[in-house]
Amino acid sequence: MPSLDDLKKRIKSVKSTQKITKAMKMVAAAKLRKAQDSAEKGRPYSEKMQNIILNLTKSVSDPENASKLLIGTGKDKIHLCVVMTADRGLCGGFNSNICKLAKNYFKKILNEGKELKIITVGSKGLDQLKREYGNYIIEKVSFKDRKKITFKEAEEVGKSILELFSKEKFDKCILFYNNFKNVITQIPQSQQIIPVEKITSIEKNNNNNFYEFEPDEEEILEDLLPKNISTQLYRAFLENAASEQGSRMTAMDNATRNAGDLVEKLTINYNRSRQASITKELIEIISGAESL
Amino acid sequence: MSENFNLEIVTPDRVIFKSEANQVTIPSFEGLMSILKDHVSIVTFLRPGLIEVLSSKGEEKFFVDEGTVELNNNNLLILSSSVKDVKKISKKEINEMIQNAEKAYNNQEIKDKDKYILSHKIDTLKEFTQ
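In order, the protein sequence lines correspond to chains A and B. Residue numbers for the first sequence, in my numbering: 282 to 573. Residue numbers for the second sequence, in my numbering: 2 to 131.
Keep in mind the hints are simulated off the structure, nothing from the lab. Just so you know, these numbers come straight off a predicted model, no measurement behind them. Fair warning: there could be bad hints in the mix.
[Stated by the list, open to error] In silico contact screen, one side only, chain B against chain A (beta carbon under 8 Å); selected entries: (1) Val-41; (2) Ser-42; (3) Thr-69; (4) Asn-101; (5) Ala-105.
[Stated by the list, open to error] Cut-off 20 Å, straight-line C-alpha distance, at most; resulting in silico cross-link-like pairs (SDA-like, lysine to any residue): (6) A:Lys-329 with B:Glu-9; (7) A:Lys-329 with B:Ile-17; (8) A:Lys-440 with B:Asp-66; (9) A:Lys-322 with B:Asp-39; (10) A:Lys-433 with B:Glu-67; (11) B:Lys-19 with A:Ser-327.
For each residue, glycine too, the CB sits at the ideal point set by N, CA and C.
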């Protein structure tokens, strides 16, 4: 049985932990609102760009000679995986979920005898992956020192990916990130960005648009596809940022509640042992008086 | 009012401009292009230059570095990561941009296409300083 003093100390320490988690939750909530806002504002751009690309690909007259970003290199040998995680921890299963998904994929392609290359974005993912897959990591990006992730950062990563592609260092590029659905649910997702995935669902609203292209389709595609890579990256960044805050908020909310439960339990324990010691003292006094 | 069509200028961060316009001039890659209502559907991309929007509310100007344009059913959509409202750019910023562009332009190794793009950028920017 711990002494009264020990219990008191424990209650105090749990209470101060609770204060920290509560503050973190509130900070996350404020940041979440901002991140969610920019994620939502960023959606039209990427959606509209995909739409244009879709319209373009439909009317490419000579698919054999189209840009390699669109149709791929024709091989399926080397996979480049971009794993996007946060730079900070204490956000529940956020980082682990992405890494788990990525690791499953790594295992699959390594079993198939294909080559694997990894780019990690965010330091937490690097920490989790470097033990097992350290040899495959070719680049690590971290934006720890930047306050806000803007399109420029996405362009930087996009450029390095495109450079690798032009040197034919890989055949397929896949992004791993958390898709922000709502505050409680974030879904780890993989998305293939090179070559561009064929989206079949949008074909329904095929309202037979006839476009004029100026200059021709191929040249526009050549201009547009590299931009699309950065755009998709940026979208993933934004979704990830919102997911991170959402995930941290729920995690910290849970932690605060758990701390509250613990304090309650400890307080009951404390009161009980205090009462016990009072009763003990009383009995001692009474029995002492009786014996006189 | 029937002479108007919809214009939307979208950047990765937000929708910068969304309203009706009477006439829009865009710096398309192959030259300036003015768009009026019932223009044929078109997809093209931009070189550095000015987007000039004429609407009932007056005239608005935006500077762009690059971008993609889609026009369909009187909906003009401009996607660009570098749109700047001309009224909000400072002289200092312009001068910096000119310097950077000129530095890149004088680099011997760049391709003709980049040179073409850069020369337009310098020209447009220099117009502001005058």
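Quick rundown of the hints versus the structure:
1. Nearest Cβ of chain A to the Cβ of Val-41 (chain B): about 6 Å, under the 8 Å cut. The hint holds.
2. This hint holds: Ser-42 (chain B) has a C-beta 5 Å from the nearest C-beta of chain A, less than the 8 Å allowed.
3. Interface hint at Thr-69 (chain B): satisfied, since its Cβ lies 6 Å from the closest Cβ of chain A, which is below the 8 Å cut-off.
4. Hint on Asn-101 (chain B) is violated. Least Cβ distance to chain A is approximately 14 Å, over the 8 Å limit.
5. For Ala-105 (chain B), the interface hint is violated, since its Cβ never comes within 8 Å of a Cβ in chain A; the closest pair sits about 15 Å apart.
6. For the hint pairing Lys-329 (chain A) with Glu-9 (chain B), the CA-to-CA distance comes to about 11 Å; that is within 20 Å, so the pair holds.
7. The hinted pair formed by Lys-329 (chain A) and Ile-17 (chain B) meets the criterion: a straight-line CA distance of about 14 Å does not exceed 20 Å.
8. Annotation: proposed proximity of Lys-440 (chain A) to Asp-66 (chain B) holds, straight-line Cα distance about 17 Å (limit 20 Å).
9. The hinted pair formed by Lys-322 (chain A) and Asp-39 (chain B) fails the criterion: a straight-line CA distance of about 29 Å is larger than 20 Å.
10. The straight-line distance between the Cα atoms of Lys-433 (chain A) and Glu-67 (chain B) is roughly 14 Å, inside the 20 Å bound, and the hint therefore holds.
11. Taking the CA atoms of Lys-19 (chain B) and Ser-327 (chain A), the gap is near 17 Å; set against the 20 Å cutoff, the hint holds.
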